[in-house]
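Since each chain comes alone in its own frame, lean on the hints to assemble the complex.
As a plain string of letters, each chain reads:
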Amino acid sequence: MNVTFSAEEVAFRKEVRDYFENEFPQDILRMQNEGVPLQPEDLIRWHKAVNEKGWLAENWPVEYGGTGWSPVQKYIFAEERARANAPPVLAFGVNMVGPIIYTYGNEEQKRRFLPDILQTNVWWCQGYSEPGAGSDLASLKTRADLRGDHYVINGTKTWTTLGQFADWIFCLVRTNSDVARRQEGISFILVDMKTPGVSIKPIVLLDGEHEVNEIHFDNVEVPVENLVGEEGKGWTYGKVLLQHERTNIAGVARSKFRLSRLRSRAQKSVRGAAPLAEDRNFMRGISAAEVELKALEYTELRKLASVAAGKAPGPESSILKVAGTELLQAIDCLEMEAAGYYGLAYVRDQFVLDLPDEERVGDTNQATAALNYFNNRKQSIFGGSNEIQKNIIAKHVLGL
Amino acid sequence: MNFSLNEVQLMLADSIEKFVANDYDFEQRQKYSDSETGYSKQVWQTFAELGWTAVPFSEDDGGFDGGPVDMMVVMERVGRGLVVEPYLANIVLAGGVLKRAASPAQKEKWLQPMMAGELQCALAFFEAQARYDINNVETTARQDGDAWILNGNKGYVLNGGNAELIIVPARTSGDPANEAGIALFAVASDADGISIRDYATIDGQRAAEISLQDVSALELIGDADDGYAVLKAAVDDATLAICAEAVGIMTVLTEKTIEYAKSRVQFGVPISSFQALQHRMVDMYTACEQSRSLMMWAAMTCADDPAAINALKYQIGKAGKQVGEEAVQIHGGMGVTWELDVAHYFKRLTAIRHMFGSADWHLDKLAS
Ligand SMILES: Cc1cc2nc3c(=O)[nH]c(=O)nc-3n(C[C@H](O)[C@H](O)[C@H](O)COP(=O)(O)OP(=O)(O)OC[C@H]3O[C@@H](n4cnc5c(N)ncnc54)[C@H](O)[C@@H]3O)c2cc1C
Chain A
0 MNVTFSAEEV AFRKEVRDYF ENEFPQDILR MQNEGVPLQP EDLIRWHKAV
50 NEKGWLAENW PVEYGGTGWS PVQKYIFAEE RARANAPPVL AFGVNMVGPI
100 IYTYGNEEQK RRFLPDILQT NVWWCQGYSE PGAGSDLASL KTRADLRGDH
150 YVINGTKTWT TLGQFADWIF CLVRTNSDVA RRQEGISFIL VDMKTPGVSI
200 KPIVLLDGEH EVNEIHFDNV EVPVENLVGE EGKGWTYGKV LLQHERTNIA
250 GVARSKFRLS RLRSRAQKSV RGAAPLAEDR NFMRGISAAE VELKALEYTE
300 LRKLASVAAG KAPGPESSIL KVAGTELLQA IDCLEMEAAG YYGLAYVRDQ
350 FVLDLPDEER VGDTNQATAA LNYFNNRKQS IFGGSNEIQK NIIAKHVLGL
Chain B
0 MNFSLNEVQL MLADSIEKFV ANDYDFEQRQ KYSDSETGYS KQVWQTFAEL
50 GWTAVPFSED DGGFDGGPVD MMVVMERVGR GLVVEPYLAN IVLAGGVLKR
100 AASPAQKEKW LQPMMAGELQ CALAFFEAQA RYDINNVETT ARQDGDAWIL
150 NGNKGYVLNG GNAELIIVPA RTSGDPANEA GIALFAVASD ADGISIRDYA
200 TIDGQRAAEI SLQDVSALEL IGDADDGYAV LKAAVDDATL AICAEAVGIM
250 TVLTEKTIEY AKSRVQFGVP ISSFQALQHR MVDMYTACEQ SRSLMMWAAM
300 TCADDPAAIN ALKYQIGKAG KQVGEEAVQI HGGMGVTWEL DVAHYFKRLT
350 AIRHMFGSAD WHLDKLAS
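Protein chains in written order, with numbering that gives the first Met the number 0: chain A, 0 to 399; chain B, 0 to 367.
One chain only, chain B, in its complex shape (with noise of 0.2 Å):
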């Protein structure tokens, strides 16, 4: 039995850890998120230089050859350093469609840049009424000619607003509840008939709303009726990834609260000696290493037990609610201050809570 990492993970994981620690404080990344793009395009640049974009994909497309675990000693990097750079829009799920689905050429025209930081993407996982359920898409596509006509509404597109290449999942054939019958659809953001309203999200992050009016598609990616695989695979890597960055989050925000605790003194004492507060830092950390222990095993039976992101999203789910209430109600006022990096990790945990489906939408998965 073995739960260190290899060498070769070891070292992504330091580089990672030291670009956060020398270059990515909270200032910076306040910064980053407030500006035009919500993002760092220098700091974008740098993690393909360092080739953290490449992680995921194959030796033959260019990439790492990485698995699940090491998106997980990726993505618990990014959420300790709350980095706001869209490397789930388009390295988890923009790319784990190309990788699975996209054409020798394609992949030449959209991954290959894309790893090289050059080509913004987003993948349109979400319609209004789908709510989690990735298979509802009433997005319509129809064959005229060569081309492909897309028509329907997409929300909540991270990156939507930055993405040149919008990967779109539409129904070419049955209803909108079927999971046969979704094509995805490499979609240029600047096409006729689109429109699209970049937004702020309330964990400092970007996301959009897109409409399609008889937009022309640049190219079918994949099968014309099986897309419906491919999506879910790519959105089930996305659930681990975030799961992944949801552990960093609360194993900070314990270190955060303790560290605060400690040094905060009322009533002449540091409130660290209150045992009613020390019970709750102990359920925080206890929350915090069963949770990096599903990930963990998620990590490892996932590619065989897809069933296993479903229990580490639940628990995630529980877990950030748990941790992240506490850690604000533990730091008192300051907590809620926008001021306090704190607040910005709890706001990012509530929005890994509420996506890819909420703790009880994953519970009815297993139960099922």
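This is chain A alone, in the form it adopts within the complex (with noise of 0.2 Å):
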């Protein structure tokens, strides 16, 4: 057993954290440090930055532009963006619908979507959830019937992610209706969200952030080759997905910058507040955390080493979803705790860059503290809620 790097993993990060120093939009790391909410136009400049570096796909094959990294070189990366205090991929497109695509896409879907979706000249979203089937989400009604050369899509998507500013969206529709399986009917397709009949309306969350949509498909016409794979294979490349997106779930470096954060800055007094160091309980909460950290942070290295040795990742990720949501949960408390009365401050125009803290309500710590907390309620909620986690636990890794 030994957990060292290699000498070639030690010097990948340290190109890695040069570049997150030198090179990386220096604009959008201050505007992260200052609780700036990034733009549009501001995700997809830093996106192509970190492309031009060769960078973004991380998962990709080299073939396809990815960067071919080994597992260990992918969790170096993640803990050097973390550091910087980057933000991450926006998953949809590179993590999501790209490997779908270059998984079980035709040459001409891979042709015609990957370089856009590797350059981010096209914002993609995600269309699996409906009114009526979260959890359960094989329950889904959106349909495509097949007219000729083209599907006609009939339904309605939500809490679709971003779906405001999306050039595309990658749905699970229902072409057949007459299986044995529910899962059997559901296929995988391409929806332009320009073609007629595609409506969008915003979904406000508790922060006040309009973060998803509902979209509505009213005999929405898709021709037939952006249907990927098979049709009825959906669920199937779907599950491989969503089993992608859990191993990415654990969030073990953004807590560890997050809990380094808050550890220093309890050493230094806040507006002529005594350091919260000095507040024994606060430190034991930060301490408490630190243990599910390494914990968590060593259960996912396990996990690294074993599809490092060529195991798929298997049901046992849900863990690091239930695991790291529930400590990323657990920081936000910490951070309210921290930031005590500012912390309930909501003054959201004073998320601006440069803006002297003597002209903040709170420092940017605390201003953010809470909209952080509401916010990321969602994390024990989306891309399998951690009880939908547990019930996978419990029947396919325990046999219960």
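Some hints here could point you the wrong way.
[To be verified] Below, computed lysine-lysine pairings styled on DSS-like, alpha-carbon distance capped at 27 Å:
(1) A:Lys389 with A:Lys255
(2) A:Lys238 with A:Lys140
(3) A:Lys232 with A:Lys389
(4) A:Lys394 with A:Lys238
(5) B:Lys261 with A:Lys140
(6) A:Lys293 with A:Lys310
(7) A:Lys394 with A:Lys232
(8) A:Lys255 with A:Lys302
(9) A:Lys140 with A:Lys193
(10) A:Lys389 with B:Lys255
(11) A:Lys255 with B:Lys320
(12) B:Lys317 with A:Lys255
(13) A:Lys200 with B:Lys30
(14) A:Lys310 with A:Lys394
(15) B:Lys317 with A:Lys293
(16) B:Lys320 with B:Lys231
(17) B:Lys261 with A:Lys394
(18) B:Lys364 with B:Lys317
(19) A:Lys389 with B:Lys317
(20) A:Lys293 with B:Lys320
(21) B:Lys106 with B:Lys40
(22) A:Lys200 with A:Lys140
(23) A:Lys73 with A:Lys47
(24) B:Lys261 with A:Lys389
(25) A:Lys13 with A:Lys47
(26) A:Lys267 with B:Lys364
(27) A:Lys200 with B:Lys255
(28) A:Lys389 with B:Lys320
(29) B:Lys98 with B:Lys231
(30) B:Lys364 with B:Lys231
(31) A:Lys109 with A:Lys73
[To be verified] Here are the computed distance ranges between Cβ atoms for each label pair:
(32) A:Glu40 with B:Lys30: 29 to 37 Å
(33) B:Asp64 with A:Ser198: 53 to 61 Å
(34) B:Asp282 with A:Glu22: 49 to 57 Å
(35) A:Asp177 with B:Ala275: 31 to 39 Å
(36) B:Ala187 with A:Gly207: 31 to 39 Å
(37) A:Pro114 with B:Asp282: 47 to 55 Å
(38) A:Gly398 with B:Lys261: 27 to 35 Å
(39) B:Asp282 with A:Ala307: 37 to 45 Å
(40) B:Asp143 with A:Pro87: 55 to 63 Å
Everything labelled a hint here was simulated from the structure, so no lab data went into it.
Every residue, glycine too, gets a C-beta built ideally from N, C-alpha and C.
Now the structure itself:
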């Protein structure tokens, strides 16, 4: 047993660290540090910058423009990215639909879609969930009926993250209702958001942000060539993807960054208050979270080692989602504790660059604490809720 | 042994419940919260007309002579209705100071109009460096002839942007953390040298940052170096009040979650049929009942034993987190939407958790 990094890996870490310190758009990092929300143009800009470096598609094979990184390299990259407080990649294009297309799509689809995903020329969103189909995704009702050379789509997708900016949506749709297992009638299809009959309605989340949407399909005609893989196989493709999502969901690097930031902030006096480090309860809270984090990190490393040894990520990765989101939500609570009354201010127009601290109600960290806490409640709900993850572990790991 | 409310309390409870049911639905509440002042002046007037603003004041002062149990009755219903009108800031906090320390002339000038709904008040109990220690007061007061001159900064002043009268704890002597040497001053919100930054809070209410630069106070309220006991008593009242509010909120969240779980179908069955969720709703219910019991105990005993308030706030801090987070989680995506009232109950509960001392802070008080 050993967890030391090889000389190459150490060199790689240095290269990545240098990149974030010098090359990555520094204004994006400042926005991150000051709690300034990134606008779509900012997101596109930094995605393009990372792609120019060749580091956007961590998971993709080299032949499609991916990094070809080993699991350890990905781990190091995630850690360095978090350490720089750089934003995570927007998953929908590069981490979700991209892998489905290069795995199950035909050559024409690969040529047509992959380069634009890599270059962030096209913004993708994910159309799985429906008002009636959340945890029970297989009950989805959005229909795609084959009519000659196109499908006609009718139905409603919901919770579509950042769909308001999307150019394309990848959907799970029902192409056949006359099947033994509901899952068998589901297909994976790509839809241009500009197609007539697609309409979008905003859903504002509890923090006041327009983050998700409801999308209606009213006789939307989609050419058959937009179907990925075989009709009726969409569920299988989607499931592979979900498992993929789950391995990345532990958020170890981000939690590590946040805890170390919290620990160092605790040494300082904020606005004249005694340093939090003098509050034993608070420091115990940080230490407890650090212990959780270490356990999570080693659970993930064990997972990485077994994937590196050629094993597929199995249902065990569900524990990473559960433990990872519980930890990140616990860190939200610590940040709330640290913020005290100033975590309760809701002054949204103060999230702008270079505003002097005196002009803010609470410093940046205080001002964002409650908003993060509220927004992150979603973490245990989406991507397969924590209850569903536990059902998966119970059934598929423990055989209950 | 008797845990039931008396007739007067039942009437009080009933009148607030009726008001909330008939005239204060969630949409209305959101409108009031989004308005310029963050509350409805008309609703506030109704509060005054129905006598709710008189509850904690003595009959001599024109009040209802209510004690902690009466306050509990009011605030639990304020919680259920997710009421944003500044009852806590005016009646409990500012009122808590005025009723204890104001002279008859001062009561006439400020307490009476406040009870009549004609004067908005606030108590500036917090400073940025103080966290939850209300004895930590750096704002200074110095005497200049007949006048008291105040300098300093106050944060998170509830209703501070609406208040015409702000009660400002300031230090007349001693170190910033001393309990002695704190005095309470009445300050006009339009006094020279005062600047007030009003802002919304995460729970749909309002607070303000207030800075005082050579501000001449209107009057000293009570003793010139012994205001702390009054301040502490008012904040204790307010702590009990928000705990009762939290019990109201937790009860609503538990009811709404049960109702939602029964109606939300996934996998062909209501999600309420999953035992994994059933036990969690049982835990929510248990947390509510335990909190309610402790609230009743605290309301009955806090006059003799103020530490009961610490115990209650500790319990509410823990239970509020649990019930709020579970309510959201069991509602799934719906639970994190702005549109549904559940998130707003959760946010108010969260604010309550962090006001007047966290669970840990209160547990420390009990332990020491
Ligand atoms: C902010 C946000 C962003 C999202 N983004 C997207 C997106 O971009 N694209 C997309 O397709 N979807 C997205 N989703 C949808 C997300 O995947 C669903 O919310 C999730 O699958 C849960 O479904 P639901 O909200 O309908 O909750 P429900 O399925 O109704 O669940 C309600 C509660 O019941 C529990 N529950 C359900 N079944 C069981 C069971 N068998 N046993 C025990 N407990 C159970 C759940 O865990 C939850 O606590 C997003 C959701 C959110 C909140």
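Hints the structure fails to honour: Result: no hint breaks.
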